[in-house]
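What follows is the residue order along each chain.
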Amino acid sequence: MATTAQPQTGAKPAATLSNEEILRYSRHLIMPEVGMEGQLKLKNAKVLLIGTGGLGAPLGLYLAAAGVGRLGLVDFDVVDFTNLQRQVTFGSSDVGKPKSEAARVRLSNLNPAIQIESFETQLTSANALELFKDFDIIVDGTDNFPTRYLVNDACILLGKPNVYGSIFRFEGQVTVFGMPDGPCYRCLYPEPPPPGLVPSCAEGGVLGVLPGIVGSIQAMETIKLILGAGDNLVGRLLLFDALGMKFRELKLRKNPNCPVCGTNRTITKLIDYYEFCGVRGEEAPGPTVSVPEITPRELKSRLDRGDDLFILDVREPHEYQICNLHGHLIPLGELTRRVHELDSSREIVAHCRSGKRSAEAVDFLRKAGFRKILNLKGGILAWSDEVDPSVPKY
Amino acid sequence: MPVKVMIPTPLRPYAGKRASAEFHAKTVGEALGHLTSEFVELRKHLFTEEGKLRSFVNVYVNDEDIRYLAKENTPTKDGDTISIIPSIAGGCI
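Which chain is which? The protein sequence lines are A and B, in order. Residues in the first sequence are numbered consecutively from 1, following the working numbering. Residues in the second sequence are numbered consecutively from 1, following the working numbering.
In short, the hints are calculated from the structure, not lab data. You may find that some hints are simply not true.
[As the list claims (entries may be wrong)] Derived lysine to aspartate or glutamate pairs resembling DMTMM-like cross-links, with alpha carbons at most 20 Å apart: (1) B:Lys44 <-> A:Glu191; (2) B:Lys4 <-> A:Asp241; (3) B:Lys44 <-> A:Glu360; (4) A:Lys246 <-> B:Asp80; (5) A:Lys254 <-> A:Glu298.
Quick caveat: nothing in here was measured; it's all calculated off a predicted structure.
So here's chain A without its partners, still in its complex pose:
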């Protein structure tokens, strides 16, 4: 079903292309599906990208290249060295710079003819409606549940399409929410998972090129919405499995009882999404278990003293290869089956990369009757920071 996103009233829409634009977009213009009319629609379109990271990179690049007349880039983060594995708008010289601004510079170089604005701000319930209202299409390239629900609800309240994409390791999902008669994010997932149950990319990892593919599909869907061309992903959940190199599709239905887009709407304004998702504070906490801990420095003192400690490493084998504390490796997912390898009469210190998985392990083992067990606070990352900087961080 082809639909067109209507440009906002306000500034007078452009009616012509300059000679330079005609040359720049010539490969679009010679296609009947685009032509002068389509290119003008792109020129008059206003698209807001929420997130300028893994998904935002191909999105920004391809929407700028296509000549979307006004692009907004929302991101409050700075470029980190570990981002360069996949966030291809950035270069090494951008490390430490605000992402939205670094992206703006890059995209402006790609296409100086379009208007690009960077919003170095966190998207919140207080600013979302104001930020969204001047744009036609919102593209969700975020990385956390509270923001995804916020983007969804703001789009429904304002009647704007939301081109959604998400990734995990080597799988992706893409669809278009927020179209009239189409479903929204809450139709698909009425509630978020509790924090700590679904790992983030920092914990689960991600194949760098995956957001490149998924974000490019989002860019394609955005352009098709603007042009009114082809069949878009409204009501269709596209699933991509990069390792199997398979695309699958599931039907997405609009939920008539959806609280935000259904017939009897109970959500008519933006809520506290962090509370909704059970998250408080700036960072999603790990599992909400409180376990006895030992700091890396304390551990080092005790080992130097000759204390008989059993180091249990609950990471994955490929992580052990990167760096390790010569611990006994039992990946967290195998702990229940291999608990017999542990001697409860010995004092055990469990560790992982950052302290979250090992906290779960300690909690499980305490419930299984282990009394002499401690969690290494901050994991091997903290060990590298505080005790032995030669241990690589990852």
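We have chain A; now place chain B onto it with these hints.
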């Protein structure tokens, strides 16, 4: 050919790293029951303590959401594919 259950990436660590598993089952509920009997750790990720399917996990038979069919009583036949689609949020980090 029995019913194939596709296991999504975030849940594979709890299913012996398997990407799919096959069972003979007449309903979705039966298939998921077999799945969580074989992979016990998967149970808490799919079901609440009261035994209800978690709301951030969607289950499809072929391409239809079971919430719009007969939920866990949705009948399955040989050759059907059950997909478990959990909420994922990664995009930036």
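Hint by hint, which ones does the structure fall short of? Hint 5 contradicted; others consistent.
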